[in-house]
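Residues per chain are reported as follows:
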Amino acid sequence: MLRTIAHRLTLAPLTLLLVSFVTFIILRVTGNPVDIYLDINRTPEQVAALTERLHLDKPLLVQYLIYLRDLVQGDFGQSLQYGGPAIDAVITSIGPTLRLLSAALLLAVTLGTVAGLVAAVYRDRFPDAVLSALAVAGQSMPSFWLGILLIQLFALKMQWLPTSGSGGFKYLILPALTLSAVLLPNFMLVTRTAVLDLMNEQFVATARAKGLSRIRILLTHILPNAANPLLSFLGIQIGTLMGGSIITESIFGWPGIGRLMISAVSNRDAPVVLATVFLVSITIILANLVVDVLHSIIDPRIRH
Amino acid sequence: MLMGTLRGTPLLSVRDLSVQFRTDQGLITAVDGVSFDLRAGQTLGIVGESGSGKSVTAMSLLRLLPPATTRIARGEILLEGRDIIKASESELERIRGRDVSIVFQDPMSSLNPVLTIGRQICEPLRLHLKLSRAEAKERAVDLLGFVGIPSPRESLGSYPHQLSGGQRQRVVIAMALACRPKVLIADEPTTALDVTTQAQILDLLRELQSKLHMAVILITHDLGVVAEFADDVLVMYAGRMVEKSPVSQLFARARHPYTQGLLNSIPPFGDQELEKLPAINGTVPSPFAMPSGCAFHPRCTFASSACLEAVPELASCGPNHVAACLRVTELERMHA
Ligand SMILES: Nc1ncnc2c1ncn2[C@@H]1O[C@H](COP(=O)(O)OP(=O)(O)O)[C@@H](O)[C@H]1O
Ligand SMILES: [Mg+2]
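Line order of the protein sequences matches chains A and B. For the first sequence, my numbering assigns the number 1 to the initial residue and increments by one for each residue that follows. For the second sequence, my numbering assigns the number 1 to the initial residue and increments by one for each residue that follows.
Short derived list, chain A residues pointing at chain B, Cβ under 8 Å:
{"#": "1", "residue": "Glu201"}
{"#": "2", "residue": "Gln202"}
{"#": "3", "residue": "Phe203"}
{"#": "4", "residue": "Ala205"}
{"#": "5", "residue": "Thr206"}
{"#": "6", "residue": "Ser213"}
{"#": "7", "residue": "His221"}
{"#": "8", "residue": "Asn225"}
{"#": "9", "residue": "Arg301"}
{"#": "10", "residue": "His304"}
Now the stretches of chain B that chain A is said to cover, found in silico as 3 or more residues with beta-carbon under 8 Å:
{"#": "11", "segment": "94–108"}
{"#": "12", "segment": "123–130"}
{"#": "13", "segment": "161–174"}
Hint data in this document are derived by calculation from the structure and do not stem from the laboratory. Computed from a predicted structure; not experimentally measured. Positions of the beta carbon are idealized from the N, C-alpha and C atoms, including for glycine.
If we strip away everything but chain B, and leave its shape as in the complex, we get (with noise of 0.2 Å):
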């Protein structure tokens, strides 16, 4: 709290959001009770297995999910102080794109594989800024060159698929990045490239960070990437926030057992063949059988009974650091 005064009111702050889907087998909890800050300039990681509704969070951030299913249960989304949730679909418009923006995982299907990469890139351009054209075609030259595509005015006539993968996402970051927005919102951009593209991607997305004062969110299932280019982590199990502090506690001290497992799953530096072994024991549960009480007590080797009870609650564990386990203060003592 008083971090937050000293350092002026949160450029986006989220509270307590929690997002349901309608699906034929039921309501689904997809994301419960997920609150956090972001600064101007700041980086937040988000962590998390597949499945524990990161993409659904970073979603909601622009109300991009179906809304015929979709159901925003609880919460605020407060971009300078306006609420999100309570957002026309065109103030919704004016808002994605401009103010925030999001890089999905996959490039290779990002861009419309019948437009060109001019025309994609000059749509926000001329949408949001009012560009004329021809302004708008030079934008994207200065633009492509900016995220590192070689020969940017040649680049404007090509087509995705003349592109390579590393080629595709710089284009896709360069889109997104087209009107300076606020925050940027980065859900796994490097998860569908090759280990030297990766680096060169997470390098660029540093880079624009520092010269453009964004603030990021950055979505990852590796706890690596995070230790690397995040200011907070968040990490989300089953829809919720388990644990969330200052990067540099969390690897000092994570207090959350599924944290620790996740930490201890990072690969000793540079050995590619380790990151495909299983992080934790067992899968993320099924949002139709969710576990009565934590939902991580099925693979926790630190489970009790309580555990099986009680959701446990967010509790404050150091400066700026919360975990949401019961046997927070137990397993401490058992490490000291």
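Here chain A stands alone, though its shape is the one from the complex (with noise of 0.2 Å):
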């Protein structure tokens, strides 16, 4: 168990050097900082300074050899948008992302356990066949369509809950289930299999030969040794969770993570790019870190 966290965090510095490459390299690429930064009437002062600034007239490998070395001393740039360090747009940002995060994921992890446990029960009954129909159904539709049928539905016609924007409670419903929508239908799906395959393990035979019924065996044997595999399906699915949250984010003006980085691409802010896909990363190393922890929790043979 501790080896496999060891192994993790040996390993978490070498995949945010790659990612951090990749990026770079990808925002260099595809288009000259000086030709978006400066408009037709530039000066060749100008230029020279943003030359000298970004270091464009060195290598493109020297170019990133110079970003780590002020990465490592926390320096990610100035964000060329907002004119301040790159990070700090990036810090306020986490906020409202990791709300909007842990909002989406709780719906969808309550909501799919129920729905996957009742389809189990009623396997190939009516309430299995409701269920897994909506399921696949969920499955195709794309998130940003279920946001505007949210948008419309609440928000316009009956005017329940706000359109867009940040605040309140009010504010993070439909977002929320929007995002746990990316989710939610392959959760109950996985739920529904794990429980059904426990069903027919021997220690259920004996928890029902010792009088158990069968409500209380599904919650007290069945589900304690479903949450493991369903767990490593959430550490799966992180990464699917955070790019919801961007298109999430976009159609309802949530202020996050992803909206900023849609925005900084679209600006070729490159300090805010790398900084966003740099915390996004971290981000899902620590969950993926929690979730070892977690199965070492609920798992005494992973413990042991």
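Dock the two chains into a complex; use the hints.
Structure below.
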């Protein structure tokens, strides 16, 4: 167990290095910053100053190494859009994104678990048929479309909830629903399969032979065993969820990392793009670490 | 009959039990016409090769078979006069683990891997005896000591994977005995264990039975175990009873050719190698392709043309001794 964690921690810097390198090269290769940040009326002095500041006269690899040197000192460079340090823009956006992610995760996990359990218990009968059909429909529905539908229904037609922006809890509901839909159908189906597999286990027969009721066996014997495969599934899906959050934030004008990244990319604000990619990578690495730790808490066989 | 009334009404009385399964390939009959009586303190051995319907019989007694695909076609299972086949699910939940317990074959998979031993033993205690958490824990310590787990108090916090196979089976037995059931069903409790552990577990069962005065149904494919352990033996083949008698009778004068085959295949004492020998030529028929007449006829050296025609009924061939073979009397004369 500790070995897995140590392994992940030693891999983390390598992952981050690779991610930053690829992002850096892509950003530099796809456009000359001079053309993007200085207009037609630019003076040679302005060009010289920018070239100097971004080390554009040096080879690409050297530019990257300089970037890395600054990065190690916590300097992600200046935002070209906002002027201030790139990292500041990212830090103010991370709170809203984490709020959105956790709300969506909570929704998807609770609803997915309940729906998956119900589908498993009523296997091949009416409730299972309805839930499984909904899940398949959900899998094939793009989240931006669901987001727009939700806005039309609850914000424009009923006028119960705001269309976009951030503020109180009311603002969180529609984006969280939209984002949770990225995970929910698959989570439900994985729960259903895991529970059905476990129902055939011998220890379930033992529990029934002790006189425990079906519902009790489901909650106290089957679910704790299902937790581990579900957790693994979540670990794999974290990236997908982050991707979904970029789309969701854009639809709902949610002031998070996703929206920041989109605007930074379209304005070719390289330092901000790099800083967000870096932070998102760290989040994914940390999330996987949390998954590992939870695994060992849930399953004594991993712990020992 | 007379013996039955003399010794009082049986604790468990199974009458003409027939169990069918709906499968994709059609309805199969896994158990057909099984009957037996069991009194307190008595041990019934059920023997037969793999696939002969022993486990299905055992699971039916607690109604543990999947309700969606199982059909109990005929019969009665009377536990102290109450018919288990007619019992509701909540009545069954009160019977299971309290009046009747079962120990399964494979101790590796019988325990929940993510719950502690203590938690799993306390479950029936809290459920049936309504003990508090602390009381249940004390009782669990006693039980673990009772079944011979070293340092029982410390073991409460252990997980199944930390114990050996033999110890796990002891834990499973402790769990089954937690509420002092009247009937203990042990379905091949030692098959998955090594030989030394097998003997220890059987000794343990015997000791516990005499202490608790339980009725035991011991399912095995090993007649040697039955000889040591059981009072009565029921021999099953392809879902049907082929012979039933007191143990001494069976070993002295087995009447059914199948039972005789099983007896001949018992290895000489202590010879482990021979245990792997097939008991009788051929294999148990698939429930989808039951032979006509006597299901054993394709493997029977004594089969005559009549055996292909009619399913033999159980017929008395001695005190408390029945066998289902058309040629029982002829064979008897042959041997004499
Ligand atoms: N749930 C089930 N569904 C369909 N067939 C079953 C089921 N359980 C057992 N059977 C069949 O019933 C027959 C008897 O099985 P079983 O009682 O397990 O034999 P054994 O004597 O080895 O314990 C076998 O042919 C088996 O395939
Ligand atoms: Mg069996």
